[in-house]
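Trainee: Protein sequences appear in the order of chains A and B.
As numbered in this note's numbering, the first sequence has no gaps in its residue numbers, which increase by one up to the final residue, 213.
As numbered in this note's numbering, the second sequence has no gaps in its residue numbers, which increase by one up to the final residue, 293.
Any given hint might turn out to be false.
Claimed, not checked - In silico SDA-like pairs for lysine to any residue, Cα to Cα no more than 25 Å straight-line:
1. A:K108 <-> B:H56
2. B:K43 <-> A:G122
3. B:K183 <-> A:R188
4. A:K147 <-> A:R175
5. A:K176 <-> B:A186
6. A:K108 <-> B:R185
7. B:K183 <-> A:C93
8. B:K183 <-> A:E179
9. A:K108 <-> B:L189
10. A:K108 <-> A:E65
11. A:K58 <-> B:D55
12. A:K83 <-> B:S35
13. B:K207 <-> B:V230
14. B:K183 <-> B:E262
15. B:K204 <-> B:T240
16. A:K108 <-> B:A186
17. A:K108 <-> B:I51
18. A:K83 <-> B:R37
19. A:K176 <-> A:G210
20. A:K83 <-> A:L131
21. B:K43 <-> A:L55
22. A:K83 <-> B:L33
23. B:K183 <-> A:G94
24. B:K183 <-> A:I91
25. A:K108 <-> A:L167
26. A:K58 <-> B:K43
Think of the hints as simulated: they come from the structure by calculation, not from any bench.
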Amino acid sequence: MLTLKMFLNGQEVSVDVEPGELLADVLRDKLGLIGTKISCGEGECGACTVLVDGKAVDSCLYPVLKAQGREVITIEGLGQDNRLDTIQQAFVDKTAPQCGYCIPGMVISAKALLDENPHPTRKEIEEGISGNLCRCTGYYQIIEAIELACERLAEEGGTG
Amino acid sequence: MLEARGGEARIIAGGTDLVLQSQRGQCLAKAMVDITRIPGLDHIEERDGLIYIGAQVTHGQVAASPLIRSRAGVLAEACGSVGGPQIRNVGTLVGNVVNALPAADGAIALFALDAEAEVAERAGRRWTPIATLYAGVGLCTVDPCTAMITQLRFRALGKGEVGAFERLAKRRALVLPILNTAAIVGLDGDKVEKARIAIGPVAATPFVATEAAEVLVGRTPDEASVTEAAELAAQAAQPRDSLLRGSAEYRKAMVEVLVRRALWRAVEGASLQEGEDANS
Numbered sequence: 054m055l056t057l058k059m060f061l062n063g064q065e066v067s068v069d070v071e072p073g074e075l076l077a078d079v080l081r082d083k084l085g086l087i088g089t090k091i092s093c094g095e096g097e098c099g100a101c102t103v104l105v106d107g108k109a110v111d112s113c114l115y116p117v118l119k120a121q122g123r124e125v126i127t128i129e130g131l132g133q134d135n136r137l138d139t140i141q142q143a144f145v146d147k148t149a150p151q152c153g154y155c156i157p158g159m160v161i162s163a164k165a166l167l168d169e170n171p172h173p174t175r176k177e178i179e180e181g182i183s184g185n186l187c188r189c190t191g192y193y194q195i196i197e198a199i200e201l202a203c204e205r206l207a208e209e210g211g212t213g
Numbered sequence: 014m015l016e017a018r019g020g021e022a023r024i025i026a027g028g029t030d031l032v033l034q035s036q037r038g039q040c041l042a043k044a045m046v047d048i049t050r051i052p053g054l055d056h057i058e059e060r061d062g063l064i065y066i067g068a069q070v071t072h073g074q075v076a077a078s079p080l081i082r083s084r085a086g087v088l089a090e091a092c093g094s095v096g097g098p099q100i101r102n103v104g105t106l107v108g109n110v111v112n113a114l115p116a117a118d119g120a121i122a123l124f125a126l127d128a129e130a131e132v133a134e135r136a137g138r139r140w141t142p143i144a145t146l147y148a149g150v151g152l153c154t155v156d157p158c159t160a161m162i163t164q165l166r167f168r169a170l171g172k173g174e175v176g177a178f179e180r181l182a183k184r185r186a187l188v189l190p191i192l193n194t195a196a197i198v199g200l201d202g203d204k205v206e207k208a209r210i211a212i213g214p215v216a217a218t219p220f221v222a223t224e225a226a227e228v229l230v231g232r233t234p235d236e237a238s239v240t241e242a243a244e245l246a247a248q249a250a251q252p253r254d255s256l257l258r259g260s261a262e263y264r265k266a267m268v269e270v271l272v273r274r275a276l277w278r279a280v281e282g283a284s285l286q287e288g289e290d291a292n293s
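Construct the complete structure from the given sequences, taking the supplied hints into account.
Mentor: Printed below as a string of structure tokens:
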């Protein structure tokens, strides 16, 4: 066992881990953050996407020790006090989720995109979520939700 | 550190391939040595006409690099096609070489650029053409339990020299290629001065179609010469029947199509540059 320290959703956390463990498993099984989903388990679907130092990564392929000292943001880190974050609210308003399983990963990928590029073209949005598979929606509502989030964020003046 | 563990520890960088190999029992190392925080391995820089890329540099960083986009655009295109954004944020270009797969997008562009790798091992450091590191499908002669590739280098593309990367796959992202190719064409006036074509996966290692490229040299890049080169490339390629990728026959026919597309795009880019030169 080793003790891993990371900044998770804005708070410093310490957790005992085995060297071979993966970030997705530690988040879900040891830290109870089950918003991060595991589907393919091999980096093909993006359901497990989280931010590490602001970059979207597949947490199912990410050795947990790589997160030592880094800032990790999961879907639980968005919004506050039962108030949805702007991207999440846009997903709700555009009825982007159907079964919902891919949505935490989609929202995190959308956040990674908008933090870096607040005014993406439709093609850039498509590229931004190209690492996330959705088997229900055909992606249109998801893309529209991200476009709506862009507009609202521009009005709010930031990606807070 | 590797030496202290006597071959039981191996290098890990991004780990996007290694974690899977490890889960499938294909990696027997008892410990991993993560190189992603070692200083001095994160560079993308040009010195004396050569571009150097360190072992920590991810596909995403290569694809977004202004230097690579302007002086080796073919590599930026190739790295931008790997996996999806999440994989590109973690997986490294050097890892693409160490895994030695004949389909690796980044590696195919590196073969077209005739890249070299710096290998650090017990005896010291040496530069060697990346082609010498490939021993078969997934077999790299650099043993990650005793040595590592510290950086890559290749000549930056000059004036009138442009590359293009083309890929055929079932989807646009998150899927291994049925075929991929990188072609570089250098023009002197309206004649081809040099050309290089790399194709994957049509052999056990990334394949460089030498004859196909040579047939272009000294000629005007027109319909006839480009078609001839693409046909020669298809003849030389030896794709296998594959349940994932399609029949050998289909893939051989598609090699011609992809190589022709890549050559045309490279020729158009190079002609534009030569045209600018003539007008200035």
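Trainee: Could you run down the list of hints and mark each one as holding or not?
Mentor: Consistency of the hints with the structure:
no. : hint              : result
1   : A:K108 <-> B:H56  : holds (19 Å)
2   : B:K43 <-> A:G122  : holds (24 Å)
3   : B:K183 <-> A:R188 : holds (16 Å)
4   : A:K147 <-> A:R175 : holds (16 Å)
5   : A:K176 <-> B:A186 : holds (13 Å)
6   : A:K108 <-> B:R185 : holds (21 Å)
7   : B:K183 <-> A:C93  : holds (18 Å)
8   : B:K183 <-> A:E179 : holds (17 Å)
9   : A:K108 <-> B:L189 : holds (23 Å)
10  : A:K108 <-> A:E65  : holds (19 Å)
11  : A:K58 <-> B:D55   : holds (24 Å)
12  : A:K83 <-> B:S35   : holds (22 Å)
13  : B:K207 <-> B:V230 : holds (6 Å)
14  : B:K183 <-> B:E262 : holds (17 Å)
15  : B:K204 <-> B:T240 : holds (16 Å)
16  : A:K108 <-> B:A186 : holds (18 Å)
17  : A:K108 <-> B:I51  : holds (20 Å)
18  : A:K83 <-> B:R37   : holds (24 Å)
19  : A:K176 <-> A:G210 : holds (23 Å)
20  : A:K83 <-> A:L131  : holds (20 Å)
21  : B:K43 <-> A:L55   : holds (16 Å)
22  : A:K83 <-> B:L33   : holds (22 Å)
23  : B:K183 <-> A:G94  : holds (21 Å)
24  : B:K183 <-> A:I91  : holds (24 Å)
25  : A:K108 <-> A:L167 : holds (11 Å)
26  : A:K58 <-> B:K43   : holds (23 Å)
Hint check: no violations occur; every hint is consistent with the structure.
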